[in-house]
Amino acid sequence: MSSKEAGPQPRNDQKEKKDEQGAEATQASQSWMGQKLDRWLGHSARTIGGEILIGNGLDLASKGALHTFGYASATTTIIAPHSLAIAATALGGAITVGGAWAEWHWGMKNAKSKLEKGAFWLAKAGQVAAPLITFYLPAYTPVAWGLYGAGVAAAFRGMTHRPEGGKKAH
Amino acid sequence: MDERKILLQVLTIIEYQGDKNAFIATFFTFLYLQTIEDLLDTLDPESRKELEQIIRNPSDEHALLSEINTYLSHEDFDKRLEHVTTTQFADYLETIYPTLSPQKQEQLTMYLSTLPKPQQTI
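Respectively, the protein sequence lines represent chains V and B. Counting from 1, position 2 in the first sequence corresponds to residue 2 in my numbering; the numbering is continuous, with no gaps. Counting from 1, position 29 in the second sequence corresponds to residue 29 in my numbering; the numbering is continuous, with no gaps.
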């Protein structure tokens, strides 16, 4: 192999490794979320009732993460298209809880990944709980404390068990 | 530092290749709904049925919130939300940690060990 050909190889290898690693972490993240959605939906769909999943037409737009709520209708059903207006309000990286019909018919129906579909149905389920979420929304600090607590604990474990990382003990 | 930034930074460190905002939004939605589900599970069957009925057929928003408050307290919600967040975030970190290179693990550990304490909000 000439020196010309050999030159850029290490950089390419590095980039590939980096991409591979990002892909592995991405896959692990999405798989984790997929499992959570499956489990949660399997439980809640039975308890809350699929027929009212689109109950209140509230949209869970983001201000911070879950701060902005818009109110639409109390009578829409899972196939009733109240969603165009609602979907329009849910810009900015938000999860749209309202907008079921539009979302579903404009793409979610064809979503390939379990995560996408799971997130969609989770959002729908969010509408049922939206009155509760709205009510409790100002109390956002617990999330921060939860992340902080888990983060500090993970960091501690990371520091004390570096070679194994944070593998679960089964 | 707000909660969203913490997750965003974690995803950046691990070089998450999907839509970070969507992942974060789903994560937080999951936390809230899991919290509500947990709280509903603590109610006796009769109260639970009544509450579900109220949620299904809300009269008006104020009445709805007032009625909800008779079943579930803010304090309980806060406690449960913090617990759910801690548990789920720890579980997530433990899941992704083994997929990271030693350098990334180090980077993530460093970041998590320097998280500032959240500030109380009114």
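Everything labelled a hint here was simulated from the structure, so no lab data went into it. All residues carry an ideal CB built from backbone N, CA and C; glycine is no exception. One or more of the hints may lead you astray.
What the hints assert, rightly or not - Label pairs and their computed distance ranges (CB to CB): (1) Asp19(V) with Glu50(B): 52 to 60 Å; (2) Glu20(V) with Lys79(B): 35 to 43 Å; (3) Asp19(V) with Leu43(B): 16 to 24 Å; (4) Lys5(B) with Ser31(V): 19 to 27 Å; (5) Pro98(B) with Val152(V): 16 to 24 Å; (6) Ala23(V) with Asp44(B): 14 to 22 Å; (7) Ala153(V) with Gln103(B): 16 to 24 Å; (8) Thr70(B) with Ser31(V): 38 to 46 Å; (9) Leu8(B) with Ser31(V): 46 to 54 Å; (10) Phe156(V) with Ser73(B): 16 to 24 Å; (11) Ser73(B) with Glu20(V): 24 to 32 Å; (12) Asp19(V) with Glu46(B): 54 to 62 Å.
Stated by the list, open to error - Far from chain V, by Cβ distances over 12 Å, these chain B residues were calculated: (13) Asp44; (14) Glu50; (15) Glu82.
What the hints assert, rightly or not - Selected chain B positions facing chain V (in silico; Cβ < 7 Å): (16) Leu8; (17) Gln9; (18) Thr12; (19) Ile13; (20) Glu15; (21) Phe30; (22) Tyr71; (23) Asp78; (24) Ala90; (25) Thr109.
Open item on the list: Is the claim that Glu50(B) lies outside the interface with chain V correct, judged by CB distances over 12 Å?
Closed with: holds (14 Å)
Task: Evaluation of the interface hint that places Glu15(B) against chain V, nearest CB under 7 Å - done: holds (3 Å)
Open item on the list: Within 24 to 32 Å: is that where the Cβ-Cβ distance between Ser73(B) and Glu20(V) falls?
Closed with: Since the Cβ atoms of Ser73(B) and Glu20(V) sit about 48 Å apart, the hinted range of 24 to 32 Å is violated.
TODO: For the range 16 to 24 Å, tell me whether the beta carbons of Asp19(V) and Leu43(B) fit it or not.
DONE: The hint (16 to 24 Å, Cβ to Cβ) is violated, given that Asp19(V) and Leu43(B) are roughly 48 Å apart.
Open item on the list: Can you tell me whether the CB distance of Leu8(B) to Ser31(V) sits inside 46 to 54 Å?
Closed with: violated (20 Å)
TODO: Could you check the hint for me, namely that Ala23(V) and Asp44(B) are 14 to 22 Å apart, CB to CB?
DONE: The hinted range 14 to 22 Å is violated for Ala23(V) and Asp44(B), with Cβ atoms some 47 Å apart.
Task: When the least beta-carbon distance from Thr109(B) to chain V is tested against 7 Å, hint result - done: holds (3 Å)
Task: Residue hint Gln9(B), partner chain V, criterion CB-CB below 7 Å - done: Check failed: Cβ of Gln9(B) comes no nearer than 10 Å to chain V, outside 7 Å.
Task: Restraint satisfaction for Tyr71(B) [CB to CB of chain V, less than 7 Å] - done: violated (10 Å)
Task: Range hint compliance [Cβ, Pro98(B) to Val152(V), 16 to 24 Å] - done: At roughly 20 Å between Cβ atoms, Val152(V) and Pro98(B) fall inside 16 to 24 Å, so the hint holds.
- [ ] With 19 to 27 Å as the target window, see if Lys5(B) and Ser31(V) comply at their CB atoms.
- [x] holds (24 Å)
Task: Whether the CB-CB distance between Asp19(V) and Glu50(B) falls inside 52 to 60 Å - done: Between Asp19(V) and Glu50(B), where Cβ atoms are some 53 Å apart, the hint holds.
Hint check: violations occur at hints 3, 6, 9, 10, 11, 15, 16, 17, 18, 19 and 22; the rest are consistent with the structure.
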